[in-house]
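With the hints as constraints, model all of the structure from the sequences given.
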Amino acid sequence: MRRLGLAAPLILMLAGSSVAAEYPIFTANNLADNMKLLGRNFTAVNASLAKSDFEAAKAQLTRSRELLAVTITFWKDRKKDDAIKILKDAVTGMDELDAALSADKIDAAASIAIAKRVGAACQACHAVYREQDPGTKAYKLRTGSVP
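Under my numbering, think of the first position of the sequence shown as 0, with each following residue one higher.
In short, the hints are calculated from the structure, not lab data.
The reader is advised that the hints may include incorrect statements.
Only pairs whose alpha carbons sit at most 16 Å apart, straight line, appear in this in silico EDC-like list of lysine to aspartate or glutamate [what the hints assert, rightly or not]:
1) Lys87 / Glu65
2) Lys115 / Glu95
3) Lys115 / Asp94
4) Lys57 / Asp106
5) Lys50 / Asp106
6) Lys139 / Glu54
7) Lys57 / Glu95
Keep in mind that this is a model prediction, so the values were computed, not measured.
Structure (structure tokens):
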């Protein structure tokens, strides 16, 4: 009985490492999928802000933040500190926008200004890491920008 008691933690540890090795890695395809969804959602944030539909803007912002925040895994795995900083700036901006949209009295102009800052952070990353395919006009990671 004593042997089984000592072996159990070892078996669990080995089983756990097997599960960890199988955990899906955030791939370039995952990033592309998230960016496409993020683009649609953040476009909806801006459209809702323009119509002063703050409830809809907040809902789309929540989804946008979820989609963007998880991409940090992609950039950390590739040791792209500049992209990580830009991403953190964008997420911080989204958090500021969420706070602005959660206020009792929402300042529409301030909310739009914050959304523009978030958009500028997105464009800063796109300028370095994104390119458009001349044939399909689809966007993709810039060739050679990540290992």
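Going down the list of hints, with the structure as the test:
1. Lys87 / Glu65: holds, 13 Å
2. Lys115 / Glu95: holds, 12 Å
3. Lys115 / Asp94: holds, 13 Å
4. Lys57 / Asp106: The given pair, whose Cα atoms are some 13 Å apart, holds under the 16 Å limit.
5. Lys50 / Asp106: holds, 13 Å
6. Lys139 / Glu54: Status violated; Cα separation ~32 Å.
7. Lys57 / Glu95: This hinted pair holds, its Cα atoms lying about 11 Å apart.
Checked against the numbered hints above, the structure breaks only hint 6 and satisfies the rest.
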